[in-house]
Structure formats: structure tokens, C-alpha cells
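Trainee: Protein chains in written order, with our numbering: chain A, 1 to 314; chain B, 1001 to 1314; chain C, 2001 to 2234; chain D, 3001 to 3234.
None of these hints come from the bench; they were simulated from the model.
The beta-carbon is built from N, C-alpha and C at its ideal position, and this holds for glycine as well.
Keep in mind that a hint or two might mislead.
[To be verified] In silico contact screen, one side only, chain B against chain D (beta carbon under 8 Å); selected entries:
no.: 1; residue: Thr1023
no.: 2; residue: Gly1025
no.: 3; residue: Glu1029
no.: 4; residue: Leu1033
no.: 5; residue: Gly1054
no.: 6; residue: Pro1057
no.: 7; residue: Arg1059
no.: 8; residue: Met1067
no.: 9; residue: Gly1218
no.: 10; residue: Arg1247
no.: 11; residue: Asn1248
no.: 12; residue: Pro1273
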Amino acid sequence: MADLSQQLFGVEFQSPVLLASGTCGYGEEYADLIPLDELGGLVTKAVSVEPRRGNPPHRVSETPGGMINAIGLENVGLDAFVADKLPWLRTNLQRAHVFVNVVGWTEDDFAEVVGRLDGEDGFLGFEINVSCPNVTGGTLFGTDERALGGLVRRLRASTGRPLVVKLTPNVPDVGVYARICEEGGADGLSAINTFPGMLVDVERRCPVIGNVSGGVSGPAILPMGVYLTWRAASSCSLPIMGIGGIRNAEDALQYILAGSSLVQVGTASFVDPQASVTVHEGIGQYLDRHGVERLTELVGSVEIPPRPPDPAAG
Amino acid sequence: MADLSQQLFGVEFQSPVLLASGTCGYGEEYADLIPLDELGGLVTKAVSVEPRRGNPPHRVSETPGGMINAIGLENVGLDAFVADKLPWLRTNLQRAHVFVNVVGWTEDDFAEVVGRLDGEDGFLGFEINVSCPNVTGGTLFGTDERALGGLVRRLRASTGRPLVVKLTPNVPDVGVYARICEEGGADGLSAINTFPGMLVDVERRCPVIGNVSGGVSGPAILPMGVYLTWRAASSCSLPIMGIGGIRNAEDALQYILAGSSLVQVGTASFVDPQASVTVHEGIGQYLDRHGVERLTELVGSVEIPPRPPDPAAG
Amino acid sequence: MRSPDIARAAEPGQFVMIGFGLDTPGVFMLPRPFSIGWRSNDGRLGILLRVFGQGTRRMSVLERGDRILLLGPLGRPFRTGAERPICCVAGGVGLAPFLFLVGEARAAGHDVTLLYGERSAPYVFDPALIRELTGGVAQIWTEDGSAGSRGLVTQGIDPDDDVLLLACGPTLMLRAVAAFARENGCDLQVSVEEYMACGVGTCQGCVVPGADGRWIKSCTEGPVFDSRELTWPT
Amino acid sequence: MRSPDIARAAEPGQFVMIGFGLDTPGVFMLPRPFSIGWRSNDGRLGILLRVFGQGTRRMSVLERGDRILLLGPLGRPFRTGAERPICCVAGGVGLAPFLFLVGEARAAGHDVTLLYGERSAPYVFDPALIRELTGGVAQIWTEDGSAGSRGLVTQGIDPDDDVLLLACGPTLMLRAVAAFARENGCDLQVSVEEYMACGVGTCQGCVVPGADGRWIKSCTEGPVFDSRELTWPT
Ligand SMILES: Cc1cc2nc3c(=O)[nH]c(=O)nc-3n(C[C@H](O)[C@H](O)[C@H](O)COP(=O)(O)OP(=O)(O)OC[C@H]3O[C@@H](n4cnc5c(N)ncnc54)[C@H](O)[C@@H]3O)c2cc1C
Ligand SMILES: Cc1cc2nc3c(=O)[nH]c(=O)nc-3n(C[C@H](O)[C@H](O)[C@H](O)COP(=O)(O)OP(=O)(O)OC[C@H]3O[C@@H](n4cnc5c(N)ncnc54)[C@H](O)[C@@H]3O)c2cc1C
Ligand SMILES: Cc1cc2nc3c(=O)[nH]c(=O)nc-3n(C[C@H](O)[C@H](O)[C@H](O)COP(=O)(O)O)c2cc1C
Ligand SMILES: Cc1cc2nc3c(=O)[nH]c(=O)nc-3n(C[C@H](O)[C@H](O)[C@H](O)COP(=O)(O)O)c2cc1C
Ligand code: FES
Ligand code: FES
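Could you put the whole structure together from the sequences, leaning on the hints where they help?
Mentor: In C-alpha cells, the structure reads:
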């Protein structure tokens, strides 16, 4: 069988498939359902300095071809993460790699989480969730070029571990943000986080989601995710984790051909907990069927026709 | 039966339902299939100064819960529009209102189309498509605050007709752009245009779409459209046409409750040419069932819970 | 539905997530939670299905032989430990877990009654099925009296403070039962309904307000709670 | 499929858009174009279905009585005006329009042959059905010779310059037929396949390269074109 392993972030990934942040808890919750340690790895639910209660219900609802969530970054907080969650990951995952998803509302917040975890065992690196409001600037870190650049440089200085920035989709040109991360010293990118969305309960004339708005994920956003991955990959040379709507090997391969080295499966795991395993197996079958020996040959290999693309689609 | 009519842009709309630009040609193509003149109206395919050939195939493809298109703004051009298309609209539509979707690559382009059409008969106003690259600035008009403000002021000076700006979704805060349009003198907003997306044909390892990327539409983008409509409505006082993924009355009512006065049906008409008629009828039934006498009472009436929404969804 | 593993392990009050998987062309649906309504010795599971929206509408047109994805048994069941009289209060499709529970509890020697309320007769689930599964301990109530007794099901509760109350149904009904339990000093376990995505504790989507001010996941900590674990609006 | 209106109006080479409408919970699919394969006097329509991807996979599991949305007849048909010999060249599912055409053309007194090619035997559509609809004028070709004659279907074309060639099938086959027609000075009409969204001329999605350098909509100007109306890569 073809070789699905890759050397990335200084280690070997046995599989290109990881579980996306917020969709696999802190790993433990899925341990009985899938062979976690045979995957590429997982990204934890966001960790912030203080524990967060999160948003009122309803927190999740189905949308056409996807779902919307507004969990509100509920998490146990830094101390409890170190005391209660990291030990399980350390003990139970030998080959799958763990990224800790980090969230904050000031640069200091992020730096505190990264600084404190840096010396701990049980994970590989950080995935920085910049789709959260910057209380200093009033925008999201992920949509503010200056704030993002400052944050990445600050965190780069606080850790030698792999530092991956998870990009926000609602920007005019994701390539600009990809380059900012690269220049700030990031080791990789995750593309993409959810799209802001809202559902209205027309019978009760109120928002369905307790938080009014939430993030849209699932197959509905697949073509956007593939596009943003391709843009990011075309704009910098960092390795990318492609995320958004991946259900099967074909979806994952779209991301890989568009330029991502790894992929993350999120919402699809809710529909079928085995989704990540199926994706992994399907990629192997694809490589065999196409006589491709190593997955790395495929990364970013989509053939773009000579004619310059016209962005004026419509 | 409840009153679905509204006074907007100085005229009466008998129905809140219009057909979206690019999905109903110049009207004529749908004339045999649906009672066009019983709708609120329609928005023509984009009109540019010169005729445009458009993009190579494939131009359309299905995506999960939606579709992607890269027609490339193919259109007959200003002269042929006036000579061949406007007369049909003038003759055949008495009660349905027509907006001409206008596209350009410089301010002058837009101003030429608007200026030339201003004196013609057969349509009500303009819908300005700013999801196209500004060849002067290198960005899209719709994602560049300065370029957008300048364009709106320039066009406002060239016409007394209703001037509606069609917003682009991939910006950090659509409210900022809504206010720019209002301040520039626009009469209304359309929210929203398609999301940039891409599909990869994994068997042939090339983009599915001849133009590489395209715009994603259909039910997949419904929650994003509702959210952006709500944000736009909360940020300015212009009347809004809600667009994106509307299949039925419930979808349309989500937009209306979120703050749009009119709605446009696009992709759904491809699946069922009667979709716009069904939406219209369903809204009437909803009003009757809920004892609402006039549609206007519903516009923007979604009840937002007291707690300030936390944009940090996720 | 056949699933010998789930059928064997299931306890009353637990639920299953029923989904359509990822393979059906053009279809994407999150799985939906359903209380286990009964089980058979040959590994079959039953649920009561009431059509609300998209998901249940789609399920209602499933035919014998169609494949679905079943995950379960999930959540914490009713805890009927000590041998004391049990009074089950069911509103609408909240009847489902009690069909399962009554049979098991009677077999275990409990004295059980089941009060089952609906708006009106057309809503009432098949009385023959109910009789078969519960051995005739069910009393039907409808708001308009068109079937069974007339009134709200909560009117049927006997204020005996030794009884263990179990309730499942619409939020308003649960509140009324909780108020009743508080006033009469009864123990009460409620099975709550909140939107779910994963059903197994990973998404944190299914929270209900806990008595301590925290949000509690109803899929893993519930769906059955002691009423004192939750905050009830007053 | 029943649709008396479409069946009555249909001409060979026209197509229908087959969709699932907007009412099925959790399902969104664009309609797909299908050549009209045959029609009956009682208002039924037939198509040949070959499963490629999502849409055709979903259609393949439709059962009698399931509702679909039919739009048609659409597009310009083959134009077989003058009474001259007709040679139909079909590749794969491109057979469909010719099943319809051969019957009609024979009834109108044309001398018709039908060359139908597939990769190999398992792909060949039911020969009995083909015989029934075409009165036995069909010659089957397979690339590996596992059914009918061995070789590419284009080898079977008789270079008689009076013949009107009609072709429908994969792009590579169409190109070969177009080259043949050019070399032999034959008239050729081809039915092309391009992705469609609306099928009625509004979306401009279905273009093919016209001989004059413009893109031409295949749903309204086609799907049948005189080969000279199109650009053929050389
Ligand atoms: C623990 C648990 C056990 C359940 N047991 C049963 C059962 O035995 N039989 C049965 O018929 N139903 C049961 N339900 C409800 C069922 O899961 C469906 O989710 C619900 O009926 C709506 O799904 P839908 O797809 O039809 O509606 P949707 O199209 O998703 O939405 C329609 C409306 O249904 C409501 N709704 C949506 N999701 C949920 C949800 N998860 N819980 C409650 N309301 C929701 C909302 O008001 C929404 O507006 C149970 C729910 C839970 C949480
Ligand atoms: C005028 C016309 C007549 C047709 N007649 C028939 C017929 O009689 N019988 C039949 O089985 N099929 C016919 N087709 C093809 C059919 O419409 C399907 O679209 C096609 O088989 C793929 O649909 P899908 O949903 O299975 O594939 P998708 O899941 O949409 O895509 C799978 C692959 O199919 C190809 N494809 C997608 N859409 C089209 C399309 N519109 N045309 C061609 N290839 C496409 C692409 O290579 C794609 O990668 C016809 C197409 C046209 C344009
Ligand atoms: C319930 C839920 C919770 C999520 N929580 C987080 C989070 O804490 N941090 C984060 O960076 N992304 C979070 N995400 C986003 C996912 O990691 C992922 O980027 C997104 O869902 C798109 O992938 P998908 O379509 O495969 O789900 C969450 C998504 C969901 C559905
Ligand atoms: C095939 C196609 C062509 C389109 N062409 C245009 C266009 O010319 N100008 C424009 O402003 N929007 C155009 N749009 C965008 C639609 O008007 C609409 O904003 C978008 O499709 C979202 O609505 P929907 O989900 O109902 O389709 C086009 C959309 C489609 C699908
Ligand atoms: S449903 Fe996901 S945590 Fe409960
Ligand atoms: S398919 Fe829409 S124009 Fe041809």
C-alpha cells in the first residue's frame, strides 16, 4: 500500500487525517469509538487562560448541508487542562499528534496559555484560534492584519514548538493573512475556521441559536475551504491543514491537491464517528489506484490551466 | 389574505419576491415557465459597457447543498441590452419591477452603464455588482472601503433612479460596507453575492471549473446570508434585498425577520422554476396563519435576546 | 431497527443517535437523538417517532431494509434503584422511554403507574401498543378530553411523598412536574431534550442549565437528571 | 416517467431536466439533463441511465411512484429533414437519443443505421430493448470485442458522402467523427454534453466553443449542433 506518512513540523505524521478542534473534545470522548492512535492526530477544544462557561442553548443546529454552532469556546481553562486533560493525551496517544487549540482575547491571554503549556508533555504544538474578538482592537484577531502579525510574533517568541495559525475565512484575501503568519514566524496554517451565520426560528420569531449568530461548518463550506486553502498555499510556503466539510477521501483529496499537507475532519464525525478513519483508508486506496507511491507527491499538485483565473466569477 | 405589498424605492412592490441576477437571464427566458409579472420583480444578468464572452467551461457544478458558478459575467453589453433586452422587459412587465445589475472594472465603466440607461424606459433601478475586481486598485470594489465609497458617490451623482448596492460576503464586517453605501447615497442594499469557492476534480487533478474558482450559491449559504443581512440591517437604515439559498417561504422569512424587505430567489429556480412563486404563496400563508396583516410588520422583527451576542462562536 | 449490541446494553431512559451516514448522494443530515422505546430478545430496538421537522420527516419515510446509522445506547438512564412506587409522567413523544421502563420496572417488582398526556386524541400513540408494552398501567390524558381523561397530565399525579416521579416531555410540562415535586417533597428524575450534534460528549452542543450555574451536557450527564441538578425558571 | 405533455411534444435529440425538487428534507440537488430515449402513446417517457456520480447514483435508486421534477422537452432536436440515409454513431449512454430517433426516422421512411460502441460487454445496454426500439438496425461495437464487433465504433462508419451523420457520445468520439466527416465531406450533427444548471437558457452555464469564437449555450442552441457550428480542437 502507498505511503501516507509525511515529515512535518519536525515529526512523522503516519496519516494526513486529524480530528478538528471542537469536534473531538480532548480526545478521551472518542477513544471508545475510533482508533485515535492510528490517525494523524487531533486538535483539542480551545483552551483559554480561565475556564469559560460558554453560550446558552441552543448551541447547535442543522443548516442546509451543514450545521451552525455557538458553543462560546466553553472550556475547562488552562489549569484544568494541564491537570485533567493532558495526562490522558500523554498516556493514550503515542503515534497520533496533538495540537492544542489556543484562544484568548488579548495577546497576553494567548501568550499565557502558550507559555504555560510550552514546558508540558503530551502534545506536539499549538493551533492558534484567531477567530475571536480582540478586546483591545475591537475586531477579530484573524481579520486584523496588524493584530494578527503582532500576535504571531509574540507567540513565536514564547515557544519553540510548532505554531500553527487557524485562519478566519471572512476576509477579502486570505493570502494576505497567510503571508502575515509566515512573516511572523508561524510554522503552519489551518484553513479554515467556520463562517459566521445565523438561523431564525420563524415560528417563534427569534434566533435559533442562543448566541444569535454562530459558525457554519460541514459540507456546505467545502468549496470555500478548498478555495481558501488553494489561495493560502499559493501565497506562502507554510504547510497547511485543510479543514471544512470533509466527509470522505475525495473531499480530503481536493484539499490536498489544492495545497494542504494534512486535513482535519470536523462535523462529519458527528454524522459518522468513523468518518476520519474512512477518509484515511480512502486516501490510501486512491493512491494505490492511481499508482502514486507517496502522498507528498499529491500535495498542491492540482494542475491550473494556463489562462489566468478571472476572479470576477458570477 | 394578508397584504404582501410594500412601498419601497418610491413604488409599490406587489410581492417581496424577486428573481436574482444571473439566474433569470433578461426575463424573457423564464416568461413561459412562470408568471413573471405576478412577482415582485427581477434583476437582470449583469450588464457591462462592452459585451463579454465570459469564462470557458465548465462554468457550473454542484457542490454540497449548493452550486458553484463562474460564468464570467458574460453579457450582451450595453448597446445590445438597450436594443434587444430592454424592449421585452418594457413590454411584458407591468407590475413586476426590474433592476439592472451593473458591472464594471473601473468607476467609469459603471458610470457609463448607469448614465446611458438612466434615460431609458423598462426598468426601475440599478443593482450595482461590486464583486468584481477594480482594475485600478487591484481589489474587489466590494471589499475596498475607499473604492466602494467613491463608486457609490459617483453613481449617485449620475442617476436619480433607485440605486442598490449588492454586497460581497467576504469582508470582516459587512456593517461597515453597509454604512459606506448609505453615506454614499445608495437607496438600498442587496445581501448577498456568492462566496468564492473551488472544486478539484481528483481523478483528473485539475479544477472542475474552467475559471479555477467561482462563486458558491444555494442553500449552503443560507445561514451566512441571513447573518449578513441581519448585520447590514443592524448597521444602517436602508431597505435590503435578502439573497442566498432561499428555497421556500421559511427561508425567505428568515431573511425578512432578520431585516430584509425584499428577497431574491436564485439557485432554487434551477431546481424548480416555480420556486419563486412557491415562496410568494408560502409567505402569504404564513402571514394568514400568524394573523399578521401586512408583511411590513415582520421586516426586521426578529427578537434578539437581551444578552449581547458573543461573536466568539466556536 | 436491529442492533443486538445496543438492545442488550440498553437501559430505560437511554437514547440512540439515528443518522443517515455520509454516503447518500446529495444528503447531509446530523443524526437525531431518540429515546429507546422498547427492545426485543432478538436484538431489535423500537422508537416512537413523531414528525417535527426535517430529520424526523425524513425518518418517517424510511422503509424496511433502508440502512441507517445507529449509535448507542447513550446517556444516563433513569435510576429506579430502591423498590418504591414509581409514577411516570409523559408528555407527547416523551412517552417513549416509559414504554421501555414500565416493562422493566414491573419485571423488577416495582409498583408503576404511567400518566401519558397529549393535546387531543389524534396525537395519541397506538393504545394497543401502549397496552402491550406497559401491561395496561398507562392512563391517557388529553387537554380537550377527546381521549382518556380530560386535562393536563400533571393533574393525574398522586401527591404521595414516597413515590418516585419520572418525567419526560415538553419543557412546560417538566416545569410543572418539577414545581409539583418541590411542593410535595417528591424525588423527581426528568429526561430533558436539547439539540444535539454528537451525542457522545465531544461537541458541547447539548447543554442545559445546571443548578450550580454551569451548563451541563445532556448527552453524557443526562438526558435523565435528578430535578435538583438543574435550574428551573421560577 | 409519465408526462403526456412532454411525450407529445418531444423530438429526437431533445432532452429533459430531471430533478428532485426542493421539498425532500436534507436533500439539495441540481437537476440533470437526460436525452429522451423513447416515448409511448400513453404519455410515458424513457431515458437510459448510466451512473456516473452523485445525481445519477441517486436516480438509480428511485422506485416506481417516487416523485421527480421533469422539465422539457428542451433544446434543439436532430434535423433529419430531407430523405437521405442516416448513420447514427453512439458512444456509451450517447445511445439514448438514437433509440428515439431511429424509430421515428424509420417511420418517416429514412434508411437508418445505428452504430453503438462501448468499452466492453458489461457496459452494453440491454440488446433486447435496443432491438425492440430500433427494429434491429443497431450494430454493437466494443473496444475489446467482448460484444458485437471489435474496435472503435467510428470504424464502422461507411464513407458514403451522401449519408447524414448523427453522433452522440464522449468528446473524444465526437472529435473522431467530426474529423471523419470533414475528411469525407459528410454532413454531421452532434449532440454535445456540458454541465447544466437551468436547462432553459438563463444561467449561461452550459457553453461550448462556437466556430465564431463565442461560447454557445448548449441547452437552448443545442444540444444538437451542426458540427460546423462548433470549434473542434485540432
Ligand atoms: C434525549 C432525546 C430523546 C428524544 N426522543 C425522541 C423520541 O423518542 N421520539 C421522537 O419522535 N423524538 C425524540 N426526540 C426529538 C428528536 O430527536 C428530534 O430531534 C426532534 O423531534 C426534532 O428533529 P427534526 O429533525 O424533526 O426537527 P428539525 O428540522 O431539526 O427542527 C424542527 C424543530 O424541532 C425542534 N428540535 C430540533 N432538534 C431538536 C432536538 N434535538 N430536541 C428537541 N427538539 C428539537 C426545534 O424546535 C426545531 O425548530 C428526542 C430528543 C432528545 C434530545
Ligand atoms: C444533453 C445531455 C443529455 C444527456 N443524456 C444522458 C442520458 O440519456 N443518460 C445518462 O445517463 N446521462 C445523460 N447525460 C449526462 C447526465 O446528465 C449526468 O449529468 C451525468 O451523467 C453526470 O451526473 P452525475 O450527477 O451522475 O455526476 P456528478 O456527480 O454531477 O459528477 C460526476 C462526473 O460526471 C460528469 N458530469 C457532471 N455533470 C455532467 C453533465 N451535465 N454532463 C456530462 N458530464 C457530467 C463530470 O465528469 C463529473 O465529474 C446527458 C447530459 C447532457 C448534457
Ligand atoms: C461544535 C463545534 C465546535 C468547534 N469549536 C472550535 C474551537 O474550539 N476552536 C476552533 O479553532 N475551531 C472550532 N470549531 C471549528 C472546526 O474546528 C472546523 O474548523 C470547522 O468546523 C470546519 O470543519 P468541518 O466542516 O469539518 O466541521 C468548531 C466546530 C464545531 C462544529
Ligand atoms: C449562474 C449564476 C450567475 C450569477 N450571475 C450574477 C450576476 O451576473 N450578477 C450578480 O450580481 N450576481 C450574480 N449571481 C449571484 C446571484 O444573484 C445570487 O446573489 C447568489 O446566487 C445567491 O443567491 P442564491 O443562493 O439564491 O442563488 C449569479 C448566480 C448564479 C448561480
Ligand atoms: S451532543 Fe455533543 S456534547 Fe452532547
Ligand atoms: S443550462 Fe443554463 S443556460 Fe444552459
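Trainee: What are the numbers of the hints the structure violates, in ascending order?
Mentor: none
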